[in-house]
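Student: Sequence lines, in order, name chains A and B. Under this note's numbering, read the first sequence as residues 1 to 379, first letter to last. Under this note's numbering, read the second sequence as residues 1 to 379, first letter to last.
Hints are computed from structural coordinates only; laboratory data are not their basis. Please note that a few of the clues may not be correct.
Identical copies go unnamed one by one, so any copy, or any two together, can satisfy a pair.
[Stated by the list, open to error] Here are the simulated lysine-lysine pairs, BS3-like style, with alpha carbons at most 30 angstroms apart:
1. K195 / K277
2. K217 / K97
3. K287 / K245
4. K301 / K277
5. K301 / K98
The structure displayed is predicted, hence computed values, not measured ones.
Number of protein chains: 2
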Amino acid sequence: MTVNPSSALSSQPSAGRTSGVLSPVRIAVDCMGGDHGPSITLPACQSFLARHPDAELVLVGLPDALKPAEGWARCTLVPASEVVTMDDPVEVALRRKKDSSMRVAISQVKAAAGQPAVAHACVSAGNTGALMAVARYLLKTVEGIDRPAIATVMPNQKDGFTTVLDLGANVDCSAEHLLQFAVMGSALVAAVDGKDNPSVGLLNIGEEVIKGNEVIKQAGELLRAANERGLINFHGNVEGNDIFKGTSDIVVCDGFVGNVALKTSEGLAMMMATFIKQEFTRNIFTKLAALVAMPVLSQFKKRVDHRRYNGAALLGLRGLVFKSHGSADAFAFEHALNRAYDAARHRLLDRVHDQISATLDSLPPGDQDSGSADVGQAA
Amino acid sequence: MTVNPSSALSSQPSAGRTSGVLSPVRIAVDCMGGDHGPSITLPACQSFLARHPDAELVLVGLPDALKPAEGWARCTLVPASEVVTMDDPVEVALRRKKDSSMRVAISQVKAAAGQPAVAHACVSAGNTGALMAVARYLLKTVEGIDRPAIATVMPNQKDGFTTVLDLGANVDCSAEHLLQFAVMGSALVAAVDGKDNPSVGLLNIGEEVIKGNEVIKQAGELLRAANERGLINFHGNVEGNDIFKGTSDIVVCDGFVGNVALKTSEGLAMMMATFIKQEFTRNIFTKLAALVAMPVLSQFKKRVDHRRYNGAALLGLRGLVFKSHGSADAFAFEHALNRAYDAARHRLLDRVHDQISATLDSLPPGDQDSGSADVGQAA
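In isolation and in its complexed conformation, chain A is listed as follows (with noise of 0.2 angstroms):
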């Protein structure tokens, strides 16, 4: 069965709706994006649906690309003229590229005057500065919400995973930003890990609420008073490892400090890896125990396997948008899509409207700038 793009959402999202969860779920997908393009995008695709019966896929993509997906059930095949590379600058995403696979699958989730949208959310391994910059010139933010963030998981040592926010769309952060932050994470927790209150740290360079520098504690105070209305559940100030250990269920930080966590643990989990492998294939000794203890390699490999928590939400547009590592293999990417799928199947837009409005009703608005540094000028 194909389904025609321009058929209504059996299901639309509205504001309130946050019980019960969406089913079919439409998910629109750059193939285009990321490293490799089609060549795993597609594989990922194929086996994404084989898992999820109620899943229907709108793929972007260049008409020749997209060929090998010609008459899969439960796909729609929409053409784009056009690609962004991983090199773009935001500039030609944004104002030259108009009918890119990036921008077309963006636009999928948009719903226009009286139109809801065709898809429920969209992932793509694009370049993040582009996909930023186009989702939130098309799609918008959510009223109450001043910037966009970038939210990952992390593995923690509790066998769960630590959300962490934001990565890098927002380099200069203000306090209002970071509670806006702690709202749109604690929604995207509750959604997709099905978690009721969870717990927000706010990472600092010490536990005592005197540490870390204004920002910091302004923002410090704005969660407590957030805690004491029952806004949100406030842990208090986390430090970088309390991240691996899985102090809170959340992280909020500003994206220059996100972004240099996330790359030192890849950087360490990398070097972690290289030097385990350079033991075990060090002679034939070590290449015996290699042998013997394999097993129990691959299963630890497995815990801290990083494509399991592929797929970076972006929090605070009127529409879920997803992105996936420009690097992902078909099994990071599928996992990417399985996160858009949970998002949208538990109504995380909803979600994220309804806690910011209850938030924002009862606390001080946010600076209202133009945007981050990053995005800012672009959109």
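Using the hints provided, position chain B relative to the given structure of chain A.
Tutor: Then chain B, alone, in the frame of chain A:
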């Protein structure tokens, strides 16, 4: 042989004398600092003395606590009547406990008018905020340095070390401060690791010059200018993962970001170690695999053993002070002593002084503010 602490240093640092090594090297040790105090510092000192025939120690602590060291060769015992605890606020360490082992140990590296200092370097595992504040108050900063910084090393994939600063002394930095960190870090690596012209990376959220917030962009300009004048070897922007790749010898960042990067790394390393242990102790088969893999795993563990990287330098003061991790065991504390010894032996103080003078003569001065948010008011 017991050295008289009031005797002049056999070799007193003076500006410009950066060639040749210093010998003997005398180090003052705050034996009471850290979670375990003398039970780990004294065994570490004993082992250190055995390995360094030209080293002398000035052991500072409560008289009772120092009893085991009575009669040790190349050692002087200096009594102190108070101890700064790990929880003591900066104010207590600075204003009330004026005869603390920490303060007395630091005062050993302070040259009085016409009088050389007793020791060439000082090591303490005491609480960081107190140590920085007391050191800054007693020793003052080097001319041309607005704020001292904390520098440590992290292992990298090239089987070397990456030196990272600042790690928490300064939560808000200007571009000029970051330049000063670059210059001090270069002097440290040249002195301790013997690298001529070590490369400096500026920690950012992307390699491109246009990335980052305003302070980072300005710092990039200052660092490029210093590079063009041949004052430092500026590699350019680096990202969090570059710390462990070993892309540059030194990574410069503000204290908030550096602290988060360090703690995040500690957290991830601990989680991975826990996971490996859990997998290898899961059942009888995995335990057998662990037996076979043990030599390889030990080798791996050795390479990533954080105790080998213990000993952070407090840079920019008119005296060498090294900070050991509070939870250090004797093995780790001895490494901190080693680092202090190497720095003193290679005349780090003179090198910082010379390099700072050369740099600041040809570049705009810093903002000459009174200090960091953490310790400024107290000093």
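Student: The structure should be examined with respect to each hint, and the outcome stated for every one.
Tutor: Here's how the hints hold up against the structure:
For the identical chains of this complex, K195 and K277 are inter-copy neighbours only, at 29 angstroms across copies versus 37 angstroms inside a copy, given an alpha-carbon limit of 30 angstroms. Taking the closest pair of Cα atoms, K217 and K97 come within 30 angstroms of each other only across two copies (28 angstroms); inside a single copy the shortest separation is 42 angstroms, beyond that limit. When the C-alpha separation of K287 and K245 is checked against a cutoff of 30 angstroms, the pair qualifies only between copies, where the shortest distance is 25 angstroms, while the shortest distance within a copy is 33 angstroms. When the C-alpha separation of K301 and K277 is checked against a cutoff of 30 angstroms, the pair qualifies both within a copy, at 12 angstroms, and between copies, at 13 angstroms.
Taking the shortest alpha-carbon separations for K301 and K98, neither the intra-copy value of 41 angstroms nor the inter-copy value of 52 angstroms comes in at or below 30 angstroms.
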